[in-house]
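Based on the hints, put chain S in the right spot on chain P.
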Amino acid sequence: MDSTKSLRVIDFGRVSGLRSQTLWHAIAHGVSSGAPPTLSFMQPDESYVSIGYHRGIDELNPHNELPVYRRMVGGGPVYVDDGQYFFQIVVPLAMAPARRGDAIRTLLEPAVEAFNDVGISATLDARNEVVVGDRKICGHAAGQISGSVVVVGNLITRFDHLAAASIVRAPSEVAREEFLAQMRRYVLATPADSGLFLEAATRRYGERLGLGAEPGTLTDEERDQLDVFDTLFVDPEWVDGLSTHQNGMWRAKVKSGVWVGSATCDGHRVTASFHDDEIKEVRVEGPDGTFEEMDQLLAALAANPPI
Amino acid sequence: MAEVNGCNIPEDRYYWPEKHVWVSVDDGGVATVGVTDVAQFLAKKIISALPKAAGRPTKKGRSLGTIESGKWVGPVTSPLTGEITETNPAMASDPSIINQDPYGDGWFVRIQPVDWKGESADLVTGPEGVQAYQAFLDEEGISCLD
Chain P
1 MDSTKSLRVI DFGRVSGLRS QTLWHAIAHG VSSGAPPTLS FMQPDESYVS
51 IGYHRGIDEL NPHNELPVYR RMVGGGPVYV DDGQYFFQIV VPLAMAPARR
101 GDAIRTLLEP AVEAFNDVGI SATLDARNEV VVGDRKICGH AAGQISGSVV
151 VVGNLITRFD HLAAASIVRA PSEVAREEFL AQMRRYVLAT PADSGLFLEA
201 ATRRYGERLG LGAEPGTLTD EERDQLDVFD TLFVDPEWVD GLSTHQNGMW
251 RAKVKSGVWV GSATCDGHRV TASFHDDEIK EVRVEGPDGT FEEMDQLLAA
301 LAANPPI
Chain S
1 MAEVNGCNIP EDRYYWPEKH VWVSVDDGGV ATVGVTDVAQ FLAKKIISAL
51 PKAAGRPTKK GRSLGTIESG KWVGPVTSPL TGEITETNPA MASDPSIINQ
101 DPYGDGWFVR IQPVDWKGES ADLVTGPEGV QAYQAFLDEE GISCLD
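Here the protein sequences come in this chain order: P and S.
Per the working numbering, the first sequence starts with residue 1, numbered consecutively.
Per the working numbering, the second sequence starts with residue 1, numbered consecutively.
No lab work stands behind these hints: they were computed from the structure.
Just so it is clear, CB atoms sit at the ideal spot from N, CA and C, and this is done for glycine as well.
Just to be clear, a hint being listed does not mean it is correct.
What the hints assert, rightly or not - Where chain P lies over chain S, by a calculated footprint (3+ residues, C-beta under 8 Å):
1) 40-51
2) 55-69
3) 101-112
What the hints assert, rightly or not - Simulated crosslink set (DMTMM-like; lysine to aspartate or glutamate; CA at most 20 Å straight-line):
4) P:K253 - P:D117
5) S:K45 - P:D240
6) S:K45 - P:D276
7) S:K45 - P:D277
8) S:K52 - S:E128
9) S:K52 - P:E237
10) S:K45 - P:D125
11) S:K44 - P:D235
12) S:K44 - P:D276
13) S:K19 - P:D102
14) S:K59 - S:E86
15) S:K52 - P:D235
16) P:K253 - P:E278
17) S:K19 - S:D101
18) S:K44 - P:E237
19) S:K44 - S:E86
20) S:K59 - S:E119
21) S:K52 - P:D277
Chain P extracted, bound-state conformation:
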């Protein structure tokens, strides 16, 4: 396979939760070492939690019993199950625009075209969120791993909002209910045939990158690297990562620009949902009577959106 003219396409089919993370990390190292740009697909055969490289394990529900895997790209903690069909596009650093936002956009646009090809009227909004109307239909994350750029995303054929809302640590049931309500409002499953999506995405990425798509497999080097990641990703020290700095506030993102925040003051807990800079819903827990600090608490929450 000519690494300068080919788009290697690897369909891994159904894989374990662990492998649904480690396979594309191994590919990123392979592409950094000269393997062709690669588009891969896979479907995890089990539920798990994926947490962004910079995020704290203490953001997760302490009662969570699902496996947790820390990825090397950005974004927050997300719930993953077999209702999500994943694609990963991995290209050498030199093939991606230097501006991070532009790189993500450039490498998501073919996926958006593929969504449309299979009957989903998706668009890429100004925040690089893949949406139908104002509802998010694709979770994505991105980053530079070694000398390659990786953008991962998914076709959500079925979404368990309750499970997804349950994996995050919430300061109260009211806060969790609000998070769940916002997830139901703004995160949409788009049932489509994953095989057709694979075909469409392969065609669209090939066209966009100017490369001929060819089926491929992992290189020997990538298989070796896969062993390394299979070990690393279950290492408790790797999974635990960092602790976060929450400033006494709880924040949970639903999609770009939509989030739920909660904080306490004077025996009251205020939970609010935000859409861009607007407060959409406020719920107060605590003793009856006047709560004069609520405006300040809401202002503080509004000034501290989640990352």
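Here is chain S on its own, set in the frame of chain P:
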């Protein structure tokens, strides 16, 4: 402070233009390393910064840690071989300090280099360094004015 394509590139720093990192060295030979104004511009708002721990060895070309902006995680490449002696504590609580002051309060790590004289020869500095950085930005079509 020299301005190149709208990006600030001070002449008194050493640069590795392709990696968008800068270095300055104090009288005691300790190197302070950070990302350039170009890097913070390309990243946009930095929401998290995670340097490797003080006491860790580092090699030129290896990652000194990572920064995250808008779901993107990328490395900060070490321009020197040596030991990380200090990380910037201010980044933990306010990583956007890198956006606000990349050459000052937004420094990333300090390194005790093992071969400053040898490895600094591969970096660019002064008016020639700024020119070299500009040439790289022009080649890549990068401007902080867009």
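Hints, one by one, checked against the model:
Note: the region 40-51 of chain S has 6 residues with beta-carbon separation from chain P under 8 Å; the three-residue rule is met and the coverage holds. A stretch counts as covered by a chain when three or more of its residues have a beta carbon under 8 Å from one of that chain; for the region 55-69 of chain S and chain P the count is 3, and the coverage holds. With 0 residues carrying a beta carbon less than 8 Å from a beta carbon of chain P, the region 101-112 of chain S misses the three-residue requirement, and the given coverage is violated. Restraint check for P:K253 and P:D117: the C-alpha separation of about 29 Å exceeds 20 Å, so the hint is violated.
Distance hint between S:K45 and P:D240 is unfulfilled; the C-alpha atoms sit about 25 Å from each other, more than 20 Å. As the CA atoms of S:K45 and P:D276 are separated by approximately 16 Å, the hinted pair is consistent with the 20 Å bound. Distance check on the hinted pair: S:K45 and P:D277 sit about 17 Å apart at the alpha-carbon level, within 20 Å; holds. Between S:K52 and S:E128, the direct Cα distance comes to roughly 31 Å. Violation of the 20 Å bound is thereby established for this hinted pair.
For the suggested pair S:K52 and P:E237, the alpha carbons sit about 14 Å apart, so the restraint of at most 20 Å is met. A distance of roughly 18 Å separates the Cα atoms of S:K45 and P:D125; the hinted pair therefore holds under the 20 Å criterion. Our distance criterion of 20 Å between C-alpha atoms is broken by S:K44 and P:D235, whose separation comes to about 32 Å. For a cut-off of 20 Å, the pair hint linking S:K44 to P:D276 stands: about 18 Å separates their Cα positions.
Note on S:K19 and P:D102: the hinted pairing holds, with a Cα-Cα distance of about 18 Å set against a maximum of 20 Å. Proximity of S:K59 to S:E86 is assessed by CA-CA distance (about 16 Å); at most 20 Å being required, the pair is judged to hold. Our distance criterion of 20 Å between C-alpha atoms is met by S:K52 and P:D235, whose separation comes to about 18 Å. Taking the CA atoms of P:K253 and P:E278, the gap is near 15 Å; set against the 20 Å cutoff, the hint holds.
Of the pairs offered as hints, the one joining S:K19 and S:D101 holds, with about 18 Å between alpha carbons and a cut-off of 20 Å not exceeded. The hinted pair formed by S:K44 and P:E237 fails the criterion: a straight-line CA distance of about 30 Å is larger than 20 Å. Between S:K44 and S:E86, the direct Cα distance comes to roughly 25 Å. Violation of the 20 Å bound is thereby established for this hinted pair. Between S:K59 and S:E119 the CA atoms are separated by roughly 11 Å; this keeps the pair inside 20 Å, and the hint holds.
About 35 Å separates the Cα atoms of S:K52 and P:D277, which puts this hinted pair outside 20 Å; it is violated.
Violated hints, in rising order: 3, 4, 5, 8, 11, 18, 19 and 21; the structure is consistent with all others.
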